[in-house]
Every structure is written in structure tokens, then in C-alpha cells.
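Chemist: Listed below, chain by chain, are the residues.
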Amino acid sequence: MRYSKNTVTKRRRGASPFFLFVAPALLIVGFILIYPIVYAVALSFTDRTLLYLGTTKFVGLANYSEMLRDRNFWHSLWLQLGFIAVALPIELVIGFFVAILFNREFPLSKLLKSLLMLPVFVLPVLSGLTWRLMLQPGYGVLASFFKVLSLGPPAWLADMTYAYIAVLLQDIWRMWPFMFMIIYAGLSSMPSEYIEAAHIDGANFFQRLYYVIVPYLSPVLATAFLLRLIDALRIFSEVYVMTYGGPSNATMLLSLYINKQAFEFGRISYASTIAVFLLVVSLALSYFAVKRGMRGEAT
Amino acid sequence: MKKTIVAWVVLISALVIVAVELFPITVIIFNGFKRDIDIWSKNPFYFKPTLMSYKNIFSNQDFVRSLKSSMIVASLSTIVSVIFGAMASYGLVRFNFKVNTLIVFILLMLRMVPQMTLALPFYVLFRTFNMNDNVFGLSLAHISFNLPYVVALLLPFFASIPKEFEEAAKVDGCTSMGIFWRIFLPLASAGIVVATVFAFLLSWNEFIYGLVRTESRDKTAPVAVNAFLGQYAPLWGQLSAAGTIMLLPVFAITLGLQRYIIKGLSAGGIKG
Numbered sequence: 001m002r003y004s005k006n007t008v009t010k011r012r013r014g015a016s017p018f019f020l021f022v023a024p025a026l027l028i029v030g031f032i033l034i035y036p037i038v039y040a041v042a043l044s045f046t047d048r049t050l051l052y053l054g055t056t057k058f059v060g061l062a063n064y065s066e067m068l069r070d071r072n073f074w075h076s077l078w079l080q081l082g083f084i085a086v087a088l089p090i091e092l093v094i095g096f097f098v099a100i101l102f103n104r105e106f107p108l109s110k111l112l113k114s115l116l117m118l119p120v121f122v123l124p125v126l127s128g129l130t131w132r133l134m135l136q137p138g139y140g141v142l143a144s145f146f147k148v149l150s151l152g153p154p155a156w157l158a159d160m161t162y163a164y165i166a167v168l169l170q171d172i173w174r175m176w177p178f179m180f181m182i183i184y185a186g187l188s189s190m191p192s193e194y195i196e197a198a199h200i201d202g203a204n205f206f207q208r209l210y211y212v213i214v215p216y217l218s219p220v221l222a223t224a225f226l227l228r229l230i231d232a233l234r235i236f237s238e239v240y241v242m243t244y245g246g247p248s249n250a251t252m253l254l255s256l257y258i259n260k261q262a263f264e265f266g267r268i269s270y271a272s273t274i275a276v277f278l279l280v281v282s283l284a285l286s287y288f289a290v291k292r293g294m295r296g297e298a299t
Numbered sequence: 001m002k003k004t005i006v007a008w009v010v011l012i013s014a015l016v017i018v019a020v021e022l023f024p025i026t027v028i029i030f031n032g033f034k035r036d037i038d039i040w041s042k043n044p045f046y047f048k049p050t051l052m053s054y055k056n057i058f059s060n061q062d063f064v065r066s067l068k069s070s071m072i073v074a075s076l077s078t079i080v081s082v083i084f085g086a087m088a089s090y091g092l093v094r095f096n097f098k099v100n101t102l103i104v105f106i107l108l109m110l111r112m113v114p115q116m117t118l119a120l121p122f123y124v125l126f127r128t129f130n131m132n133d134n135v136f137g138l139s140l141a142h143i144s145f146n147l148p149y150v151v152a153l154l155l156p157f158f159a160s161i162p163k164e165f166e167e168a169a170k171v172d173g174c175t176s177m178g179i180f181w182r183i184f185l186p187l188a189s190a191g192i193v194v195a196t197v198f199a200f201l202l203s204w205n206e207f208i209y210g211l212v213r214t215e216s217r218d219k220t221a222p223v224a225v226n227a228f229l230g231q232y233a234p235l236w237g238q239l240s241a242a243g244t245i246m247l248l249p250v251f252a253i254t255l256g257l258q259r260y261i262i263k264g265l266s267a268g269g270i271k272g
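Taken in sequence, the protein lines are chains A and B. Residues 1 to 299 (this note's numbering) are what the first sequence spells out, left to right. Residues 1 to 272 (this note's numbering) are what the second sequence spells out, left to right.
Any given hint might turn out to be false.
What the hints assert, rightly or not - If we take Cβ atoms under 10 Å as the criterion, some of the chain A residues that face chain B in the derived model are:
id, residue
1, Ile37
2, Leu115
3, Leu116
4, Met134
5, Trp173
Claimed, not checked - Within a straight-line C-alpha distance of at most 27 Å, the following computed BS3-like cross-link-like pairs (lysine-lysine) qualify:
id, chain 1, residue 1, chain 2, residue 2
6, A, Lys260, A, Lys57
7, B, Lys68, B, Lys48
8, B, Lys3, A, Lys113
9, B, Lys48, A, Lys147
10, B, Lys98, B, Lys163
11, B, Lys170, B, Lys98
12, A, Lys291, B, Lys98
13, B, Lys3, A, Lys110
14, A, Lys113, B, Lys48
Claimed, not checked - Covered stretches of chain B (in silico footprint by chain A; criterion: 3 or more residues with CB under 8 Å from a CB of chain A, positions within the stretch not fixed):
id, region
15, 109-116
16, 141-153
Don't read these hints as lab results, they were simulated from the structure. Quick caveat: nothing in here was measured; it's all calculated off a predicted structure. A virtual CB, placed ideally from N, CA and C, is assigned to each residue, including glycine.
Using the sequences plus the hints, can you model the full thing?
Modeler: Laid out in C-alpha cells, this is it:
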């Protein structure tokens, strides 16, 4: 994707029509993205509370040093990293193998493929609530199923470990089709000669996988993983409605902790500090994602 | 012989996978047609259909109102994002300036900003300007993710459109705005439709910005759906019915636009 270089104009054009087209969007972006971001950074250097009683004092890096000493912050950070480290590879692997399964013609394949995409577009809130319903002890369908298998405690969402597992399962259920779709698109653009050549050389399924398919797909896999990584960093709604961060902080991922500090404890300045931390990590990752995309390595 | 066996194995495993994926969605749809008392019964598969929950949610003023708010917010933010996003994408693709790369880079990066990071300053700022209580503040908040998204989606789309027609129109003395509206947009209509539909869906599904202003009377529908959890006993039947209604555009879009789903997704369309 070369956005700018493919439009070499012979005559020099004035800047005015260009700004006529681009300036409104830039104004909006400045107003509702750049300014709020700057505002959040500014808040993180103050002691402002939500109620805003009295005056706001500049407190320098006090919020940041508090963050580094805050055990709950580190707890949330580890939960977040664990969530990413477990959910994403599983989503990638399932998506990969299902993409290989679907990479051929069979009856209903088109319909089934689009049905697979439904969970990705289900509203996150509804997905979380559905899992909450399914896991209700006594009448939830998943809870009954796990009871028959005697898997875990009767009330998953009331158990610290199993609530976390439930959050992971919910995300894996919802998001592996995202990996599937991107990998499938990459796979279907692969020249069939590659596989045929491997066949002729007598490679078995796993050899074809390891020596042909994975190397060919690796840029696609990296892009899919990066997009999901940025997305998984900011997960909030599903977990909020499923567990509200509980029981006793067992699922208090970063965005939930920020929300709690801001709107439950009213500490909007400290919440902004953690939010700025999250922003910096997200922007650093998206820098790589955008760079890959603009080099044309994206799907 | 081996070939037909493989074909059957593939078909059956695909069917099983799809059934597992769709199961939670069917749980919601079926529970919307059950009475709460039956949902709470020991047998989750007991099913005696009734429209009770649907009657209840549509006589519930709060929910009907929230559907309306969601519609307004999604439409407003989509229209603004698509118009200005399309103009910006056109400018970035068709005019060759050194700053273009930088602008594109910044816009594409900004679509990755976590909503929670923006929710805090939005809350404080909108309160200052008295906008927490109306749909305009919320629409602005939704434009903050929809505008960069629309640009990310349209840039590659626009870059692939040949410019002969525009050049011809230019020779005929058409202004650059005229060229954009009358010549370019009709050529790009497929991209515009896709951007509109996905931007609408993003806004329709959004929860965080709607949540942090819950004291507002203008709740959005996702917040209202969550409210059916109630303080004492969850009203699962009504929650499921309301959820099913929220899913209608999702079904229509996923099944209707499957050709474009990859483009929509790789523009960074998923929101937590």
C-alpha cells in the first residue's frame, strides 16, 4: 500500500484543495483525540478527584511513583499479561488449524465460514453476559455441563481461579475466528504450486506445515497477532459484565482497575496515570503494527 | 474412496466447530423466548416459547429510549466519520505532499488508543461543558474511534481506484470538490458502504463511553441490556430478548457483507 507515492502529479498543485479535504478531519482528531490525550497526561500530574472539591494541585511524578508501589496495579498488570500469554496463542493455534481445515472446497463451506464470524461481531457486553448466564450454578447450561464432568467448582464465577479461566474461555471463544479469518485469507492467496511441489517431494502433512505453510504465512500470522495484542490490552466490557473484576480482584484487568480507581474511588488523576501507562504501551505496539501495514506486510 | 472419507471428515468437523461457536448465541436467542421461571429451572433445555420478555422490554420506557439513543449516536457518529473520513482519505491518496505519510501514520496509530484512556478526560471535559447528559457528547466520543477507523479502511480502497475519470473532469474544468462528490464518490461507493456499515456496528456495540456516564438519562442500549442484571435477581429473559434485538444488525451485517469482512477486520475494527 503506497498511499502517497502512486499519485505523482505533473503540475505542482496548490496546497489549498489538499487542506480543504484533510483539514476538517485533522481538526476533529485534534479536538477529540489529541486534546483529551494531552488532558489525560496533564491529569496524571495532579491530585484532582472526581468530585473536584477545592483546588487542583500539581504533584509532579507522585502518581507515577505511587503506581510503581501499588500492589494492586502490579496484580492487574500480571493478570493482563497472563491473559494475553494464554488466550492469544490458543486463539492463533485454533484459528490456524481451522483455516487449514477450511482451505478446500466442500459443501456449505461458504455459509459455515461466515457463520463462524458471528461471535467476533457480537457485542462484547452481550458475550460477557451470555457466559455469565451459562455459568450460573444450578441453571446455567455450561455449569450443568461442567457439573456432569465434575470440572471445577459449582459456581465458576465465584472462584478466583475459575473466574479467570472463564474470562479466558470467553475471549478464546469470541476471538479465535478473528485469527481464523485473517489466516484463511492469507492461506487462500498462497500459490498452489508450493504445496504441489512439497507433495512431489514426498513431504507429509506436518512437513508441509512446517516447511511450506508456516514460513509462507508468517507475516500474516505476525500481523494478526499484533492486532489482537493491541486489542487484548484494552479488554474491558466483557470482563466488566461477567465478573466486575472479582471475585476479590481475581479478574481485575488493567482497564477495569482504571475504571475502579476513577469512578468508584473517584481518584481520576491516579486512574489517568495508569491510563497513560496503558496508552504508551498500546501506542508503542501500534507503531510496529502501522509500520508493518504501511510496508505492505499487512493482509 | 480415501477422498470421500476425507471430505466427510472435513464437513463433519466443520459442522461441529460451527455448532460450538454458535451455541452461546443460540442460548441467548432461546432464553429470550423463555419465562424467567423456566430459565431458572434445573433443566436448561426445557423450552416452552413465549413472547413475555419481548412484551416487557418494549413496554419498558428506559429500554425503548436507550434503543433510540443508540440509534442516534451510531447514526450521527457514523455520518460525521464517513463524510470527513472519506474526504481526508481522498486528500491523502490524491494529493502528494511530504506530510501525507506522517498524517496517515498518526491517524492509523490513533485508532489503537485504548477507550479507557479517553473515557477519563471525556468524562471530565464533557462535564465541564455540560455534555455528559446528552447524545452529542457521546457521539463525539464515538467519532474518536470511528474517524480513524474509517480512514484506515478507506485509504487502501481509494488508492486502488483509477484516476482517469477525475483527470478528464479536471480538464473539463470541474472544481476539486465537484470532482470528489460527483466523480470520485460514485466510483468509491462500495468502500463507502462498507465503511458506513462497520462504523455503525462499532458504535452500536460500544459500551465503555456509554457506561461512564450512567447517571445520564440517555443510556445507550448496551448499558441498558447490562442493567437487566438488576440489583437483586437478574432478569435473564428480558436481558436475552434485548440482547437478541441488539444482535439483529450484527446478523444482517456479518451475513450480508461477508466479502468485505477481512477488510473491515484488518482495519482494526474490534473493540473491547
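Chemist: Would the pair Lys48(B) and Lys147(A) pass a check requiring their Cα atoms to be no farther apart than 27 Å?
Modeler: Roughly 24 Å between the alpha carbons, so the hint for Lys48(B) and Lys147(A) holds.
Chemist: Need the status of pair Lys260(A), Lys57(A): alpha-carbon distance at most 27 Å?
Modeler: holds (22 Å)
Chemist: Below or equal to 27 Å on CA atoms is what counts here, so check Lys170(B) against Lys98(B).
Modeler: Roughly 23 Å separates the two Cα atoms, so the pair holds.
Chemist: Going by Cβ atoms only, is Ile37(A) closer than 10 Å to chain B?
Modeler: At 7 Å from the nearest chain B Cβ, Ile37(A) passes the 10 Å test, so the hint holds.
Chemist: Check whether the Cα positions of Lys3(B) and Lys113(A) lie no farther apart than 27 Å.
Modeler: Holds, at about 22 Å.
Chemist: Holds or violated: is there a CB of chain B closer than 10 Å to the CB of Trp173(A)?
Modeler: OK, holds: Trp173(A) within 10 Å of chain B, min 7 Å.
Chemist: Is it true that the CA of Lys3(B) sits at most 27 Å from the CA of Lys110(A)?
Modeler: Given that 27 Å is the threshold and the Cα spacing comes to 20 Å, the pair holds.
Chemist: Under the criterion of a CB-CB separation shorter than 10 Å, is Leu115(A) in contact with chain B as hinted?
Modeler: At about 5 Å, which falls below the 10 Å cut-off, the nearest Cβ of chain B leaves the hint on Leu115(A) intact, so it holds.
Chemist: Is the straight-line distance between the alpha-carbon of Lys291(A) and that of Lys98(B) 27 Å or less?
Modeler: holds (17 Å)
Chemist: Under 10 Å, Cβ to Cβ, is where Met134(A) needs to be relative to chain B, so tell me if that hint holds or is violated.
Modeler: holds (6 Å)
Chemist: Has the given pair, Lys113(A) with Lys48(B), been kept, meaning a C-alpha gap of at most 27 Å?
Modeler: Violated, at about 31 Å.
Chemist: Does Lys163(B) lie within 27 Å of Lys98(B) when you go C-alpha to C-alpha?
Modeler: Between Lys98(B) and Lys163(B) the Cα gap is close to 20 Å, so the pair holds against 27 Å.
Of the hints listed earlier, those the structure fails to meet are numbers 7, 14, in rising order.
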